[in-house]
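Please build the complex by placing chain B on the supplied structure of chain A, with the hints as guidance.
As you go down the protein sequences, you meet chains A and B in turn. Letter by letter, the first sequence follows residues 3 to 313 in the numbering used here. Letter by letter, the second sequence follows residues 3 to 313 in the numbering used here.
Rather than coming from a laboratory, the hints here were simulated on the basis of the structure.
Below, a sample of chain B positions facing chain A; criterion: calculated Cβ distance under 8 angstroms:
1. G45
2. M56
3. C100
4. E137
Here are some chain B residues the structure puts well away from chain A; computed CB gaps all over 10 angstroms:
5. T69
6. R153
7. G182
8. W187
9. E235
10. T237
11. A238
12. V241
13. L248
14. Q264
15. F273
16. Q277
17. V285
18. P289
19. L299
A virtual CB, placed ideally from N, CA and C, is assigned to each residue, including glycine.
There are 2 protein chains.
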Amino acid sequence: MPPSSFPTESSITDYLRRISTIPPASQVVVGIGDDCAVYRPEGSTEDLLFTTDMFIEGGHFLRDTHTAADVARKALARGLSDIAAMGGAARFCLVSLCVPKWADGEWVRIFFDTLVADATSAGAVLAGGDLSHAEKLSCDIVVCGGVPRDRAFLRSGARAGDEIWVSGALGGSALGLELGHGAAWQRHLHPEPRLALAAFLQTNIHPTAAIDISDGLSLDLQRLCLASGVAAEITAPPVFPGATLLQALHGGEEYELLFTVQPDSELPFQFRGLQLTRIGIIVDGPPGAVRHNARPLLALGYDHFLTGTDN
Amino acid sequence: MPPSSFPTESSITDYLRRISTIPPASQVVVGIGDDCAVYRPEGSTEDLLFTTDMFIEGGHFLRDTHTAADVARKALARGLSDIAAMGGAARFCLVSLCVPKWADGEWVRIFFDTLVADATSAGAVLAGGDLSHAEKLSCDIVVCGGVPRDRAFLRSGARAGDEIWVSGALGGSALGLELGHGAAWQRHLHPEPRLALAAFLQTNIHPTAAIDISDGLSLDLQRLCLASGVAAEITAPPVFPGATLLQALHGGEEYELLFTVQPDSELPFQFRGLQLTRIGIIVDGPPGAVRHNARPLLALGYDHFLTGTDN
Numbered sequence: 003m004p005p006s007s008f009p010t011e012s013s014i015t016d017y018l019r020r021i022s023t024i025p026p027a028s029q030v031v032v033g034i035g036d037d038c039a040v041y042r043p044e045g046s047t048e049d050l051l052f053t054t055d056m057f058i059e060g061g062h063f064l065r066d067t068h069t070a071a072d073v074a075r076k077a078l079a080r081g082l083s084d085i086a087a088m089g090g091a092a093r094f095c096l097v098s099l100c101v102p103k104w105a106d107g108e109w110v111r112i113f114f115d116t117l118v119a120d121a122t123s124a125g126a127v128l129a130g131g132d133l134s135h136a137e138k139l140s141c142d143i144v145v146c147g148g149v150p151r152d153r154a155f156l157r158s159g160a161r162a163g164d165e166i167w168v169s170g171a172l173g174g175s176a177l178g179l180e181l182g183h184g185a186a187w188q189r190h191l192h193p194e195p196r197l198a199l200a201a202f203l204q205t206n207i208h209p210t211a212a213i214d215i216s217d218g219l220s221l222d223l224q225r226l227c228l229a230s231g232v233a234a235e236i237t238a239p240p241v242f243p244g245a246t247l248l249q250a251l252h253g254g255e256e257y258e259l260l261f262t263v264q265p266d267s268e269l270p271f272q273f274r275g276l277q278l279t280r281i282g283i284i285v286d287g288p289p290g291a292v293r294h295n296a297r298p299l300l301a302l303g304y305d306h307f308l309t310g311t312d313n
Numbered sequence: 003m004p005p006s007s008f009p010t011e012s013s014i015t016d017y018l019r020r021i022s023t024i025p026p027a028s029q030v031v032v033g034i035g036d037d038c039a040v041y042r043p044e045g046s047t048e049d050l051l052f053t054t055d056m057f058i059e060g061g062h063f064l065r066d067t068h069t070a071a072d073v074a075r076k077a078l079a080r081g082l083s084d085i086a087a088m089g090g091a092a093r094f095c096l097v098s099l100c101v102p103k104w105a106d107g108e109w110v111r112i113f114f115d116t117l118v119a120d121a122t123s124a125g126a127v128l129a130g131g132d133l134s135h136a137e138k139l140s141c142d143i144v145v146c147g148g149v150p151r152d153r154a155f156l157r158s159g160a161r162a163g164d165e166i167w168v169s170g171a172l173g174g175s176a177l178g179l180e181l182g183h184g185a186a187w188q189r190h191l192h193p194e195p196r197l198a199l200a201a202f203l204q205t206n207i208h209p210t211a212a213i214d215i216s217d218g219l220s221l222d223l224q225r226l227c228l229a230s231g232v233a234a235e236i237t238a239p240p241v242f243p244g245a246t247l248l249q250a251l252h253g254g255e256e257y258e259l260l261f262t263v264q265p266d267s268e269l270p271f272q273f274r275g276l277q278l279t280r281i282g283i284i285v286d287g288p289p290g291a292v293r294h295n296a297r298p299l300l301a302l303g304y305d306h307f308l309t310g311t312d313n
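The following block holds chain A by itself, in its conformation from the complex (with noise of 0.2 angstroms):
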């Protein structure tokens, strides 16, 4: 029976997982649910990773703090550190726009020029889009990236066992959004997606399982557990200089990856000047359970459908 009404982002989840059925010859090998769809075409060497991100002024960004060079490279990055967390690279993008009175030909130019160097460096082509207009500005970006056959990293393959670990230092993007300037305020608005170290990990150590935190540690920690129906253990995750542990444990818009390997895995502690840090393990338990220093974790992280506004 369907629910009459859908409180929070994952009841809707949950609620179009059932009715959206793949039939078993689909070349949809995976669908709603884990950071990107994944498609196989006929007779091809690679999988295919989609995914798709809504940015909307009022909600996700507001017009007096983003200017249109930081929605245009925002609006991107919440796409590629998609591609990322499925260990894949970046193949092409297209961009849906539409522009309000207030937003003048000069906006509209550097949104684009922005948006194409960046995708340009991400290995990216601006493929196609769609213009309107609109009272407020909202872009909808769909990025497609490229794994080989069947490696795609996903959120269901942890097992009792394998090391949970995390790239970069977490906290920093909340504390930029309390603080509105300085290192933090930077970091929020200009995420880094980390497909070099998700080209890294594809190459040189499978990981059992990734998530990319868009949503806080604990949610998307809880995520993967859900997903893999196991449980963790966790000790603190490295703090962004000035955050708190709070900000770190649940502050969302991280873009750093998460993600778990079997015990026997050889990983460097830094990839390319960027920290990389074993924070606990998973373990045999309720499935989302997640435990930090030994007590249990809420997962407080953010959900954007439930709040509707920026975090």
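Only chain B this time, still in chain A's reference frame:
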């Protein structure tokens, strides 16, 4: 030098085509400027088509006149029609939905139930998406289609001597918008993407060029001619019962197929009850110049970006 303002959609599109160059080794074989982008996966027997369409309350539809089912159906139909225009079969779709306060759980449920039902009928899986809140309802639908390798119908292949054909009778959608009721209104609300006709043309007749009539015969034929570097001479197209010739020539949101074939093609005058009509011929001349009954036909069709209202 970039323009300081973008008065029309085509001025932005021209700018994007200039700045978004596709590297020679890219698997993106068709970028900005056709109904879909075309991606050729490594080793694949088929090319993939991608189209994205934003659908926004107040811009593309009104809350008072469009139910949740209408919004889902029409937003998806626009993407499916682009796949048909390129000669493809639908494979999967992605949906980004922004929900305002007035749209309750029931609205969201009907939206997704309709979307999944229509996608399934068209052969597509709902593979993923994004959910958030916003003041106005908006959705962006991406559809992926497949065509045999190198067999996408492009806008650019028409040559002098080719016959110009159109499916169906035109002007019904514009008439429906004027009347707000009856068969024409139903046609405006519920366009039928011509996927079956596309499959027939793909297998039996390879059109030299094709486009779907989303913005009016005059404007879409001009676009096809511009892309092909040719001119066209047409007579009156079939007119939807009750519509005027002007509505048939310039009315948008028809989602019929407009295509060109070599003069020796043996095309039937109907396909599964759908009328197919030869309306003219491609000629040498100034690129984009279209003549109707030997007089210049102005491209009065609909530029969504220019007017920003429904039609």
